[in-house]
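Here the protein sequences line up with chains A and B, keeping their order.
Residues 1 to 114 (the working numbering) make up the first sequence, in order.
Residues 1001 to 1114 (the working numbering) make up the second sequence, in order.
If you're looking for bench data, these hints aren't it; they were derived computationally from the structure.
Everything numeric in this text was worked out from a predicted model, so none of it was measured.
It is possible that some hints are incorrect.
What the hints assert, rightly or not - Only part of the chain B face toward chain A is listed, based on derived beta-carbon distances under 7 angstroms:
(1) Gln1103
(2) Gly1108
(3) Leu1111
Just so it is clear, CB atoms sit at the ideal spot from N, CA and C, and this is done for glycine as well.
Residues per chain, in single letters:
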Amino acid sequence: GNSVTQMEGPVTLSEEAFLTINCTYTATGYPSLFWYVQYPGEGLQLLLKATKADDKGSNKGFEATYRKETTSFHLEKGSVQVSDSAVYFCALSERRGNFNKFYFGSGTKLNVKP
Amino acid sequence: KAGVTQTPRYLIKTRGQQVTLSCSPISGHRSVSWYQQTPGQGLQFLFEYFSETQRNKGNFPGRFSGRQFSNSRSEMNVSTLELGDSALYLCASSLEGRSASEQYFGPGTRLTVT
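Isolated chain A, as found in the complex:
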């Protein structure tokens, strides 16, 4: 069945460091891929998305490229800030008949130190 696997955290970085959070997926069809971010005490917010192979999603300095050949959607940011400290979830959505089915990874906590 479909699933999403992301690297375990926590990931601790210094401010201005380069960030990579790995995400790989298994899917039977052609899913859309997402990254969500959850700040303490809040719900999940959509950070970026890609709907087909080789698409690059980007937002707020974060980027992720839909790689069908490696079934990956790694999240990257060139220079993290303390305010980026949060939990990041990789997710996929796949069309099943008349509805979309969603799968979420387990989340990766990012701590950015000043």
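With chain A's structure known, arrange chain B on it following the hints.
Relative to the frame of chain A, chain B by itself:
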């Protein structure tokens, strides 16, 4: 457009009681999903409603139930509360379409069972 709203934001209940949580989706969204989030288990899918019908269900006991109204607002109910039901309950809505679309999350209801 207003985002997904959930009420109440915080709730404290006693073991054995029941609780009802409410979710109002983004205007025009007809699909509403519920998730339970705990530190140990991550994000777990409870169920999804579309046009007042439960379309998808996760692996939770029958104590967890839900419904959706004609205006797409949804409620979930947990009966005979257990200590392990303490969690953040998240509601998400999505716009149905031909392609796999993203989910938009509410801020969650923090339930504490004592």
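Here is how each hint holds up against the structure:
1. Gln1103: It holds, given that the least Cβ distance between Gln1103/B and chain A is near 6 angstroms, below 7 angstroms.
2. Gly1108: holds (5 angstroms)
3. Leu1111: At 14 angstroms from the nearest chain A Cβ, Leu1111/B fails the 7 angstroms test, so the hint is violated.
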